[in-house]
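Participant: Chain residues, written in single-letter form:
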Amino acid sequence: MISSLTTANYRVIWDYPGVTKAFANTGILGTVTAAATMMLASMVSWFTVRGHFKGKRLLDTLSFLPIALPSIVIGLGVMIVYLVIPIPIYGTLWIISIALMTRYIAFGARTMSAAQLQIHKELEEASLVSGVSWLGTFRRIVLPLLAPSFVNGFIWVFIHAFRELSIALMLFSNKSIVLSTLIYFTWDAGRMQETCALAVILMLILFIVTFVGRLYLLKKVKTY
Amino acid sequence: MITVAGLKKYFQVEQDQVKAIDDIDFEVTEKEFFTLLGPSGSGKSTVLRCLAGLERPEEGEITIDGKLVFSAAKKIFLPPNERNISMVFQSYAIWPHMTTLGNVVYPLTGKIPKKQAREKAIESLRMVGMEKLADRPAPLLSGGQQQRVALARAIAKGSGVLLLDEPLSNLDAKLRQNMRVELRELQKRLGITAVYVTHDQEEALSMSDRISVVNEGRIVEVSTPLSIYQKPQSQFVANFIGLCNFLPGKLVSQNNGGIGIAETEIGKLECIVGGNASDEVIVAIRPEYIDVSKTPFKEKRNVFNGTVISRTFLGRIFDSIVKIGDYEARVEITSSQEVMEGESIFLYWPPAFCVALPDSK
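Protein chains in written order, with the working numbering: chain A, 1 to 224; chain B, 225 to 585.
Don't read these hints as lab results, they were simulated from the structure.
Here a beta-carbon is modelled for each residue, glycine too, at the ideal position from N, C-alpha and C.
One side of the interface only, derived from the structure: several residues of chain A facing chain B at Cβ under 7 Å:
id, residue
1, H120
2, E122
3, L123
4, E125
5, A126
6, L128
7, V129
8, S130
9, G131
10, V132
11, S133
12, P144
Make a model of the complete structure from these sequences and hints.
Facilitator: So, in structure tokens, the structure goes:
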């Protein structure tokens, strides 16, 4: 048994067409989706927690609603929308990213609202009366204070986006192949060893990301 | 320096509209220490937040340092960052992700050169005695230290108006007393105009040039601490600040000098006529202004005979209840006077400290 162990499959896979691209695409997709989702979530939570306008309940509900949508429905919905409206992102990585943002905004917004509620209103007001504009206050006070929660949510969305299959499967093209779809098709083509090699690499990456993220958060929590 | 005219601010609570500020006018002159004193929920903090631009009033006008910062009629509303003010909050609002110096230099960052900003911040910290802790992370500061840093941050901005929202109420009693003196000295030394919000009458009396008593969204009375204490113009003020005896009566005569005679259940009382009192009045006198003696007084008026029915030893004084007829007056008897419970004593109510107030009922 032991003698049949080999690392050959980890070398072989790199010669396959599209593998490097899939890794690069997945990295970009995870990072962009996580960053965009959490930034949008921060804005939404700021408005729903601090805002004084009438539609803030609606905004809160809207941001939470996608949790009820199955991935496959989001994938299909986003596909149809961008086939109709003339924004040329169909077939690119960005359409997958938009669908994933829709999928994870509920989690992001909840995380950030909880964090925003923890920040005393006077911390923001103290910045305003110090002569700093609302935008400057958001950047220099609110965001740094939200950072631990932001990073937490970022890692969560990043990992989910990194491994997500159904939406990627609905919306992928040759150009926008990602790891999960690659694994799916490698397996579909009957290459079990390579499939496993890819899966192990995917898991390793996610382990490392989780570990590094935890280290950062533990350090942050200590200083507060 | 600051002019507030016709200020109104409403809050929507469920279906009801609550008038947090119901038509308030006042003026604060340059370098004045002006206090808004009132019970919680009176609207005093809301007034301060309107001055800062943290609340948007419904009506009125606010001018700060010659600049119109709010006008409902002209649709002007300057945000807090465009007003010449700085503010100290009740919660101190020290940013936990910065050092002490980081907090104080913040209002200056990007506005003046870095080195200059740093020097100015250090100077502010020195004024509150915190320069040694400049590099300490803010979460490691104690409450009293945070209070000082908050003050240093407000000073560092260098604006002419300092707004203080109950800045001492979270400190322990001893520290609070020290800070009162320090704060007042700092304000005088820097020559800044201060608007101070508090519910603590001692703070208000000891620090202010003028006190404005606020109740239910309105200013009840504006005057100097001494005059507010000795000659309150309404029953609310007399009752809210210090202890007071109230005796209902009828004003039977009044001369041009504002001295009148009130007919009360304990007899005729010569008193000052306060507010716009007439006919039905309440005569107010503070327990410590009533003179006590075992032998009769020389004065003919305002002398009564009573029986001590209870006394509580408070060190400096006996806090006593003296029954005059059916009326129970609260009287302070200095602890050197050996007056026993059940003993009959003479009381003199100096006319200058008896104030006839309009009956609010």
